[in-house]
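**Student:** Each chain, letter by letter, is given below.
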Amino acid sequence: RKEVEQDPGPFNVPEGATVAFNCTYSNSASQSFFWYRQDCRKEPKLLMSVYSSGNEDGRFTAQLNRASQYISLLIRDSKLSDSATYLCVVIMRGDSWGKFQFGAGTQVVVTP
Amino acid sequence: EPEVTQTPSHQVTQMGQEVILRCVPISNHLYFYWYRQILGQKVEFLVSFYNNEISEKSEIFDDQFSVERPDGSNFTLKIRSTKLEDSAMYFCAGTGSMNTEAFFGQGTRLTVV
Numbered sequence: 136r137k138e139v140e141q142d143p144g145p146f147n148v149p150e151g152a153t154v155a156f157n158c159t160y161s162n163s164a165s166q167s168f169f170w171y172r173q174d175c176r177k178e179p180k181l182l183m184s185v186y187s188s189g190n191e192d193g194r195f196t197a198q199l200n201r202a203s204q205y206i207s208l209l210i211r212d213s214k215l216s217d218s219a220t221y222l223c224v225v226i227m228r229g230d231s232w233g234k235f236q237f238g239a240g241t242q243v244v245v246t247p
Numbered sequence: 539e540p541e542v543t544q545t546p547s548h549q550v551t552q553m554g555q556e557v558i559l560r561c562v563p564i565s566n567h568l569y570f571y572w573y574r575q576i577l578g579q580k581v582e583f584l585v586s587f588y589n590n591e592i593s594e595k596s597e598i599f600d601d602q603f604s605v606e607r608p609d610g611s612n613f614t615l616k617i618r619s620t621k622l623e624d625s626a627m628y629f630c631a632g633t634g635s636m637n638t639e640a641f642f643g644q645g646t647r648l649t650v651v
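Heads up: the protein sequence lines correspond to chains S and H, in order.
Quick note, in my numbering, the first sequence goes up one by one and the last residue is 247.
Quick note, in my numbering, the second sequence goes up one by one and the last residue is 651.
Just so you know, the hints here were simulated from the structure itself, not pulled from any lab data.
A quick note: this is a predicted structure, and the numbers were derived from the prediction, not measured.
Cβ atoms here follow ideal geometry from the backbone N, Cα and C, with glycine treated the same way.
Errors might be hidden in some of the hints.
With the Cβ distance kept under 7 Å, some of the chain H side facing chain S (calculated, not the full set) [what the hints assert, rightly or not]: (1) Tyr569; (2) Tyr571; (3) Lys580; (4) Val581; (5) Ser586; (6) Glu594; (7) Phe629; (8) Thr633; (9) Met636; (10) Phe642; (11) Gln644.
Can you build the whole structure from these sequences, using the hints too?
**Tutor:** Following this line, the structure appears as structure tokens:
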């Protein structure tokens, strides 16, 4: 079983629409959660950390559900520039900071 | 904005050759990492490095791999005898302290032929 699983997509989203997707993690002792964004053949860039109470950053909202072991990302009012692969990242309890477990990513394509 | 710089951007090498991938982390960073991403696959942790020694390494990071920070600025990943399956994008990353954002370099694409 994969440590971190994501729906690969692609999610085809009309500009201005809302898109949401989840990521499940297998280790219940996971302690830190993030969403990263990766453009084609580029480096991952931090989009946002995910806090237990849920958090919002502009058009982006992240949620954590520890009971069901998943995190989610919602993008409102999608822009063409939101087209990218969104990577779910988890740090397992006991692992050192920076030892990220990456999901394979969810591709989002925003269309005009 | 400060950035992590990696060189070269693309390296082609013959199987069995040694390669050294170089990274210049952000100057006030203390923790350093190497990750790799095989084309079409997920990003995988290789090794973390702090205070001039390896903190943690993955199963991928076998005896063929080594890291060092020889001059306090460059952070290098060496692969002694490359294999075809080492072909991947290699990302260097760093953080200033625990629980802070990790910044990734733009990557070195290694192609082993």
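**Student:** Could you run down the list of hints and mark each one as holding or not?
**Tutor:** These are the hints, each one checked on the structure:
1. Tyr569: Since the shortest Cβ distance to chain S is 6 Å, the answer is holds.
2. Tyr571: holds, 5 Å
3. Lys580: Holds. Min distance 4 Å.
4. Val581: For valine 581 of chain H, the interface hint holds, since the closest Cβ of chain S sits about 4 Å away, which is under 7 Å.
5. Ser586: With a minimum Cβ separation of about 5 Å from chain S (threshold 7 Å), the hint on serine 586 of chain H holds.
6. Glu594: Constraint on glutamate 594 of chain H satisfied, holds at 5 Å.
7. Phe629: The hint holds - phenylalanine 629 of chain H has a Cβ within 7 Å of chain S, the shortest such distance being about 6 Å.
8. Thr633: holds, 6 Å
9. Met636: holds, 4 Å
10. Phe642: holds, 4 Å
11. Gln644: Holds, because the Cβ-Cβ distance from glutamine 644 of chain H to chain S comes to roughly 5 Å (cut-off 7 Å).
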